[in-house]
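There are 2 protein chains.
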Amino acid sequence: MQNIYDNKEFFDDYINMRNKEINANNLIEKPIFQSLLPSFKDKKILDLGCGFGDLCKFAENDGARKVVGIDISKNMIDKAKKINYGEKISYLNLPMEKINEINEKFDFVLSSLAFHYVENFDKLIKNIKNLLVPNGYLIFSQEHPVATAFIPPKNKKIDSKIDIENKRYYLLSDYNNNGKRSIHWNIDGVVKYHRNFTAIINTLSENNFIIEKLVESYADEEAIKLEPKYKYQNDRPYFLFIKAKLA
Amino acid sequence: MQNIYDNKEFFDDYINMRNKEINANNLIEKPIFQSLLPSFKDKKILDLGCGFGDLCKFAENDGARKVVGIDISKNMIDKAKKINYGEKISYLNLPMEKINEINEKFDFVLSSLAFHYVENFDKLIKNIKNLLVPNGYLIFSQEHPVATAFIPPKNKKIDSKIDIENKRYYLLSDYNNNGKRSIHWNIDGVVKYHRNFTAIINTLSENNFIIEKLVESYADEEAIKLEPKYKYQNDRPYFLFIKAKLA
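In order, the protein sequences belong to chains A and B.
For the first sequence, the working numbering assigns the number 1 to the initial residue and increments by one for each residue that follows.
For the second sequence, the working numbering assigns the number 1001 to the initial residue and increments by one for each residue that follows.
By construction, these hints were calculated from the structure, which means they are not laboratory data.
Only true hints are included.
Here are the computed lysine-lysine pairs in the DSSO-like style, where the Cα-Cα straight-line distance is at most 30 Å:
{"id": "1", "chain 1": "A", "residue 1": "LYS213", "chain 2": "B", "residue 2": "LYS1213"}
{"id": "2", "chain 1": "B", "residue 1": "LYS1229", "chain 2": "A", "residue 2": "LYS154"}
{"id": "3", "chain 1": "A", "residue 1": "LYS213", "chain 2": "B", "residue 2": "LYS1098"}
{"id": "4", "chain 1": "B", "residue 1": "LYS1229", "chain 2": "A", "residue 2": "LYS161"}
Based on the sequences and whatever the hints tell you, model everything.
Below you can see the structure in the form of structure tokens.
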């Protein structure tokens, strides 16, 4: 897994974006993610790719007994310890690929917008299964398959989208071509992994997860009023959310 | 539900298309659908939107104890009785909206490429649930959400897809706008219903179905060799298949 958040240029740009109140995380991702969460009272929570700890702090405030947040980026963990310190929260600088090193069980494994950085999804889900109590929940968001499908062409004249008469067209070539995507996001060469629904759903199912709820993101009227460009998020969803229970 | 298959012009065009051996049903849909089917030996099968009975005959040949095929189109049922007659098969001229009139239970409910004609998906799934034995299976295919999303514009200059430098772009506006789509397919005014993954998966989950397998269609090399235009089916899937078990 690429440790892009410890690249100073990227990290500065990212924090700058997140510091603005009007961003897709605050207006679109967070409200949907929180709508999927039950009460955390007396529960044990593991947050994968916790970033600067917003979700861990939310879980503690909601009454969690213990919260563990992990992130590959030391920058993020340092920031989390400062701005989202909590008596019941431990932050670990650990990549998601190494969660098999954690020796305890949790009631909930959460992950907000981080799974698309992981190459081996099957291994990740198997590791999560081992960290959950029976009937425990995995609740995660990631970039939506129709948003990650596009492979940037070497011929820079070709764009991933085209606007014609106020309608937006998306290049969906390679939707069924799961794998690495190297894209420009703040800096060049940010590595993500595209997986279609077939890969996501079947990996969960094969590992005994029952999908209880799935949500594809949309921008509501308020979000579009605050940031008109979010109307394009309704063309095709940008985030995917899944709540799955270990059978 | 529109009874388009009893429109003579549509039916003739449709049968003409299906009579060709090289079509998307034979090359793409059928092989994937059949790969999802377990043995039908001694099982009771209900096929919703059975058309001219290919799948019913397949189930009988595979050892099913009893097969019931229903279809809204009398044309189709008449043809099924002729070309796919079977001692263990009953064909009924019944729309899918009325399966609550059937008073028996089945081990498998199947449906190939018909659910996108049904307006009320929740009612359909509730009715199917009542027709299944505990741990019974629903196995269906339908048009894929990215293929049904498009709303044909009144301004005919706008197309649903654009080819640029050998890449194809799709208009995905209204992906999150579930509902009626009136399209041209053989004739004008064919009515289908678009549902995104959110709607499909949550309706199944809310009705106690566990999704065991999901497949998005693709064209393999052989299919593309027989019909080069199928390469575009790999840009974005055209069919969606779901195998779900009643908990």
